[in-house]
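**Q** Given next are the chains, with one letter for each unit.
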Amino acid sequence: MGILFNILNLAIFTSTLRITTPILFAALGGCMTERSGVINIGLEGMMLMGAFAAAVGSYFWGPWLGVLFGIFVGGIMGLLHAFMSVTVKANQIISATAINIFALGFPNLIVPVLWKGHYAMTPVVPVIKSIQIPVIADIPVLGPIIGNLNPIVYIAFLLVPVVHYVLFKTRLGLRIRAVGEHPKAADTVGINVALMRYIAVTVSGLLAGFGGAFLSVAYQSQFSQAMTAGRGFIGLAAMIFGRWRPFGALVACLIFAFADAFQASAQAAGVPIPPDLLLTLPYLLTLIALAGLIGKKAVGPAANGKPYFKD
Amino acid sequence: MPSIIRMENIVKRFPSVLANDHVNLEVEEGEIHCLLGENGAGKSTLMNILYGLYSHDSGKILIRDREVRFRGPADAIANGIGMVHQDFMLIPVFTVVENLILGAEPVKGFSLDLEKAREEIANLSEKYKLDVEPTAYIENISVGMQQRVEILKLLYRGAEIMIFDEPTSILTPQEVDELYKIMNFLRENGKTIIFITHKLKEVMEISDRVTVLRDGRVIDTIDTSSTNPHELARMMVGREVLFRVEKPSVRIGKRVLKIENLHARNQRGLPALNGVSLDVAEGEVVGIAGIDGNGQTELVEVLSGLRKIDRGKISLYDRDITNFTPKELIDMGIAHIPEDRRLRGLILDFHLYENLILGFQDNKPFRRGVILDLKRVKEWSSELVEDFDIRPRDIDVNAGSLSGGNQQKVVIAREFSRNIKLLVASQPSRGLDVGATEFVHNQIMRVKAEGKAVLLVSLELSEVMNLSDRILVIYEGKIQAEFDPKKTTESEIGLVMAGGHV
Ligand SMILES: Nc1ncnc2c1ncn2[C@@H]1O[C@H](COP(=O)(O)OP(=O)(O)O)[C@@H](O)[C@H]1O
Ligand SMILES: [Mg+2]
Chain H
131 MGILFNILNL AIFTSTLRIT TPILFAALGG CMTERSGVIN IGLEGMMLMG AFAAAVGSYF
191 WGPWLGVLFG IFVGGIMGLL HAFMSVTVKA NQIISATAIN IFALGFPNLI VPVLWKGHYA
251 MTPVVPVIKS IQIPVIADIP VLGPIIGNLN PIVYIAFLLV PVVHYVLFKT RLGLRIRAVG
311 EHPKAADTVG INVALMRYIA VTVSGLLAGF GGAFLSVAYQ SQFSQAMTAG RGFIGLAAMI
371 FGRWRPFGAL VACLIFAFAD AFQASAQAAG VPIPPDLLLT LPYLLTLIAL AGLIGKKAVG
431 PAANGKPYFK D
Chain P
966 MPSIIRMENI VKRFPSVLAN DHVNLEVEEG EIHCLLGENG AGKSTLMNIL YGLYSHDSGK
1026 ILIRDREVRF RGPADAIANG IGMVHQDFML IPVFTVVENL ILGAEPVKGF SLDLEKAREE
1086 IANLSEKYKL DVEPTAYIEN ISVGMQQRVE ILKLLYRGAE IMIFDEPTSI LTPQEVDELY
1146 KIMNFLRENG KTIIFITHKL KEVMEISDRV TVLRDGRVID TIDTSSTNPH ELARMMVGRE
1206 VLFRVEKPSV RIGKRVLKIE NLHARNQRGL PALNGVSLDV AEGEVVGIAG IDGNGQTELV
1266 EVLSGLRKID RGKISLYDRD ITNFTPKELI DMGIAHIPED RRLRGLILDF HLYENLILGF
1326 QDNKPFRRGV ILDLKRVKEW SSELVEDFDI RPRDIDVNAG SLSGGNQQKV VIAREFSRNI
1386 KLLVASQPSR GLDVGATEFV HNQIMRVKAE GKAVLLVSLE LSEVMNLSDR ILVIYEGKIQ
1446 AEFDPKKTTE SEIGLVMAGG HV
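In the order they appear, the protein sequences are chains H and P.
As numbered in our numbering, the first sequence has no gaps in its residue numbers, which increase by one up to the final residue, 441.
As numbered in our numbering, the second sequence has no gaps in its residue numbers, which increase by one up to the final residue, 1467.
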């Protein structure tokens, strides 16, 4: 009982929110890209590039410009994937895998050029500090959990309703979804299929880049090799559990992040379970959550992953 | 009458065919103008050019005597042209409203103004008597209503010129009548309609003028009132067409197929066949007439081994074949022309020579050890392609690239090329033009002449009447009555099909 109390302290909820943040960015990016009919498993690499660019930017121009640079570079990677999948009509998995591999190697090449003697890791860079939200921080129990977080965490959570609104309430969203379901039907009513997909995929890159920036200039204070550690993929999985919907994806991200925070806390509390086993907990829980969903139909956009060929 | 559309010398070449060869088309304002032609004649291509979906290689398009150049459908829509495509362009998971406004969405600030759209649509729907449910999802509404949604889509965009690409092919007879009413109403309201079809009856019933296309060329444009189905058929096919098939006189022999008290369920697990009994003899064609959804699909699936039965017995030459697998049935000598050739008859991504041996690819002449003897397969396929006049004469193309008529020829060539005892043909002429239908019917008569048994299932009553020796009417999974085609009328059978009694 004492141990459980040690594990389930308030900090676990705060850290759940922090762990959620980068995954949520990827999941939201996943909603955008797949709703438009382009599979983007390159979110992982885009996030990694975003993390790297943000660290570089932060080192030279300060943390906020660093974040902007990370977002920008993520967007460039998104644009590249859009070009490969929409214009070249290459295999989307292969294009995205190339991006992932590129993102693994590229920082290693640049780091020693920028910083003599450094390999695979940037020096410590300035970070974005947490902020205290006046009234909210004073609410008992809740206040300490949500009242004192990194601004990027708040931005990520605010983006959930924003992406939902864009996808489901606006003209642009209707068109993006139409293109992901039945591109020819969209084409016959005069919608520019390629343009919609370019927009959606590029935005997914921007979001992934944002998530990466959070990792290197907020969650941690430097870039290190492969620091995304699969968060882009987890975000995609969360997006699928959430049925291609931002709020659903949010719930999936929270489940995963809570399990992750729980296992870290359990390790720290000295629970007599091998840490390797504890580490599997988030993945296990996510699997169970998925299994619970399986009864219901989880179908994605009908034209997902299919290039559109105009005759 | 002033001409609203003039297409002059339109040429469109696809890599393999010249789809439109200097086509001239002139449509008058306020008329219903039919584009008649066999499958592959180039009708859809011509209209896709007019709609801005395809670009033409050369030629001019004039709308109200002003030359236009469309870069895409958006330009065509802006010029008052709308098109209902052969396959509907609707998004199943969107509502009617969302489908309708797509590409022309009303907004309030950044948000879609669905409320305004719904009102507008309800008004239009009322004005043109289209009766659609704005908030329903497309996947949940009938095909007929989907088509009305497509029509509304054009009206919503203010289309003055409406193109309908083979709109009747997926409709029930009642829905076709409904559509005619709508089209006439649209014409009364000043719309111009271009109606694509390969059915002569439809041309005669609905159009003011008709342009006949054949092999990408215009044969002629004439007033419908000054022509007749025979003349149109001749123009369309390029030769005389017999509308009645010659039935060979064959001695009816031994009983081949016997079905006793057959019970089976449909896809959703509900009873579909409720005690069907029938038999078919050598040299006999037994036709099953009925309205779609009365158990025909399930009956054919049972006979091809695709559906297990609950109760009953099926025998072939007195041998029990109940619940045999498809492969066993094929080896027993049952040939099958499925109702959906693209889904069940062919593998569209396979070459013709592969499709031509499906089902017996592992039998002797084509197999050497565990590998296919491709040389044999190809020789044999080339012969079939020649014998059955399959175009193009190229066994290396994919089945999916063929026209509907030629796809059906591939199925028939495969099924008839082996030693069969029974042919189960389900809607063998569905979606085929006059020439191809004639071919299919003659082939079925050839099977009969060879003394084989034929079970013909068709939704086209005239087809059943023309080909069968006996007609059985199926209603709610039961054979309701038997008719002798020589001693009955379509209306008599139609009554039983609708659940009435003789
Ligand atoms: N997108 C395309 N690519 C290649 N060939 C095509 C394409 N569309 C049509 N064709 C060919 O052009 C010819 C005319 O086709 P189509 O206009 O669809 O005929 P119809 O509508 O009269 O049945 C056919 O031989 C068809 O195979
Ligand atoms: Mg056509």
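There's no promise every hint is true.
[As the list claims (entries may be wrong)] Derived pair list, reagent style DSS-like, types lysine-lysine, alpha-carbon separation capped at 25 Å:
id	chain 1	residue 1	chain 2	residue 2
1	P	1223	P	1146
2	H	299	P	1273
3	P	1292	P	1273
4	P	1081	H	299
5	P	1278	P	1146
6	P	1223	P	1273
7	P	1025	P	1092
8	H	440	P	1025
9	P	1025	P	1278
Rather than coming from a laboratory, the hints here were simulated on the basis of the structure.
**Q** Could you run down the list of hints and mark each one as holding or not?
**A** Evaluation of the provided hints:
Note on residue 1223(P) and residue 1146(P): the hinted pairing is violated, with a Cα-Cα distance of about 45 Å set against a maximum of 25 Å. Distance restraint check for residue 299(H) and residue 1273(P): the Cα-Cα separation of roughly 47 Å exceeds the 25 Å cut-off, and the hinted pair is therefore not satisfied. This hinted pair checks out: residue 1292(P) and residue 1273(P) have alpha carbons roughly 14 Å apart, not beyond 25 Å. A threshold of 25 Å between alpha carbons decides the hint, and for residue 1081(P) with residue 299(H) the separation of about 14 Å falls inside it, so the pair holds.
With a C-alpha separation of about 47 Å, the suggested pairing of residue 1278(P) with residue 1146(P) is violated against the 25 Å cut-off. The suggested pairing of residue 1223(P) with residue 1273(P) holds, with an alpha-carbon distance near 17 Å, which does not exceed 25 Å. Restraint check: the Cα-Cα separation between residue 1025(P) and residue 1092(P) comes to about 35 Å, which exceeds 25 Å; the hinted pair is violated. The suggested pairing of residue 440(H) with residue 1025(P) holds, with an alpha-carbon distance near 22 Å, which does not exceed 25 Å.
Only pairs whose Cα atoms come within 25 Å are accepted, and residue 1025(P) paired with residue 1278(P) is rejected, the gap being roughly 64 Å.
Hint compliance for this structure: hints 1, 2, 5, 7 and 9 are not met, and every other hint is.
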